[in-house]
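S.K.: Going down the list, the protein sequences come from chains B and U. Taking my numbering, I'd label the letters of the first sequence as residues 1 to 310. Taking my numbering, I'd label the letters of the second sequence as residues 311 to 709.
Possibly wrong hints are sitting among the right ones.
[As the list claims (entries may be wrong)] Pairs of lysine-lysine residues, derived as DSS-like cross-links and limited to a Cα-Cα distance of at most 30 Å, are as follows:
1. K619(U) to K216(B)
2. K289(B) to K653(U)
3. K500(U) to K488(U)
4. K656(U) to K289(B)
5. K26(B) to K78(B)
6. K216(B) to K127(B)
7. K488(U) to K216(B)
8. K246(B) to K391(U)
9. K511(U) to K127(B)
These aren't lab readings, by the way, just hints derived from the structure by calculation.
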Amino acid sequence: MRHGAAGLSVAPSPLGYEEMTWTDLKDQMATAGYVASDELAMALHLSISQGRPLLLEGAAGVGKTQVAKTIAGIRGAKLIRLQCYEGLDASSAIYEWNYQRQLLAIRATSETGQGIDKVEDEIFSEKYLLERPLLEAIRQNDSPVLLIDEVDRADEEFEAYLLEILSDFQISIPELGTINAVSRPLVVLTANGTRDLSDALRRRCFYSFVGYPDRKTELAILAARCPDIDDHLALQIVSFVQDLRKEDLEKTPGIAEMLDWATAIAGLGVNDITDNPAALQATMVCLLKTEADSAAITSEVTQRLAGKAA
Amino acid sequence: MQVTKFPTRAAGVSDRMADFMAHLRLNGFRIGVQETEQALLAIADCGRPTMRNVRLATKSVCTGSAHTFARFDDLFDAFWKNGGRVRNKDRQTPPRKQTPDVPGMHSSLRAWQDKTGLEESGEPDEPEDGAEEQDANGHGTGELIASRQRQMRDTDLRQFASPELFREAEILAEQLGKAMRHRRSRRLRKSKSGSRLDLRKMIRRSLAYGGEPMEVFRRHNPRRPSELVILLDASGSMTLYAKIFLAFLRGFVTTRQRTEAFLFHTRLVRISDALRDKDSLRALNRLSLLANGFGGGTQIGSSLAHFNKSFAAQSVNGRSIVLIISDGYDTDPPALIQAELIKLRKRGCRLIWVNPLKGWRGYEAVAGAMTAALPHVDLFASASTLGDLADLEPHLARL
């Protein structure tokens, strides 16, 4: 590694990152076990060097979330994750007052007879503030990685709020005033098409589409994540999954499923997927996740695909 | 390696980049001045400015969806490489067929009339039973305007495709769009003037005041607009109707944000963006490129399969109404269409099948695909005339 991970920080003052190119970043990620496409590496590089969010789209299980985890690992940064869901609101995403403690404090001070102003200052102080992921992310001394997962699951109103934070990196709390970012977090947003995101959000981000990997990339991923599997078996596994994706399935298996399956196969002590048809069919539960898919991929189909892969 | 020649008028990289952005915009990318600036910044940051690096850098700035991401590389080549096609030739005004000029007719409508599809001669062919039916209805030509209007609406679409009708179709689409009622969500959301008290929040907030409820919070059920997805059959048998339905579709898509339109014959294409294009001439060019194969055979089953696979997850949910406009003559096996409709229904949408042939006297749904589809359809409607389309209004309001 040419640059120390600890020295990296995001714009406005990118220290130590300036001389790095996207290919270096790609190599670093590969060392950390994530094989990124050129587009993804470039988008990530730009979003680090320019301090703008990165929006990743793609099917489930292609490693979008893993990007954030990997980059946090490389930079030794804290990973703060906000999982979005329908009905997510400001109090669970940004901050909330700790009412119970405030109430206790009021009770306690009422006996000492302090003035109302003093009590108010006391209970609306940092001590009684509960940080939620977004506030936490902008108050870190070292720039963290903020992962906003499945942003398309949140409501449109929340998206609008998010836009405001992502453009200014400041949050205003009426009782405390405006809190500015101590360091700018590296923001990674993921989406998998539950609904269309607004143009405004898309335009604030660098974009990359994460698709299913090609054969060569997938082999590299398998080698990076499961180094114990020998080359012959790895090739068979990858070819099998690649062919399986071409079948008409409701849920196409992603990389995560492929890795699960590889682990299962290796765990069963199988050295060649054509050896034991019954075991092979039994392990298909790792790859096929709906009833219709399990019914469609019969043992004949499995055997055909395995024969092709071998 | 192919290189880019800078035109003599170009002042520098930024000038060329602005041209490139205009090129992307022409091709339907929604980007503005801000992106030009960001692209230049990105190029400055992307390392050695090789074509590969610049391509990757601008790609991450200019794309914003899976669709644009997939198209970007071709557009990049077309603009920056000498071998690529720089300008879309279709944009130059084609030798247009002369159409009878109607005074007051909107220019965009004229364009639509010219182009919505086909190289057919100006006069639509007259069906044998059409004229007879008109006489039976007893509408003369010398009546008042209101009743003449009525007659036009009762004419079989095949017989009559005038610009006025086009405009009427668009207005009708607007009305129908308005009739589709918005539902109330079952969830409660906070609001300033909702009808219910948000007790949980009031109690929670009252803790800060020592248990006194000082602030009032309210909640309400937010509106959830219903979404419309229209699949239009543009195969040979539907050709003459398709022309009108396209105008009808355009009315829907332009008046309602949450409408998705698709065209299918032997394959399926998404035409919402093309229809939404404000520049009607460009919209038509895009549409005619997209609709390549217009008027060919029909594969409803596999088109639906494609829809289910690629678009349904994004555009169909429990609040959607899916409108299929087709005559049900299919070359795919009926079992396929049945399976795909069941799959589509599982998303919780409501299905309306509009068949232009249903308006014919003595029509029975005997086509294989149609009989297979009927049990899975919420409403089987006829629409060979605009009147029939207008009659859809109460059904849309009810669904």
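S.K.: Compare the structure with the hints numbered earlier in the document and write down the numbers of the violated ones, lowest to highest.
M.R.: 6, 7, 8
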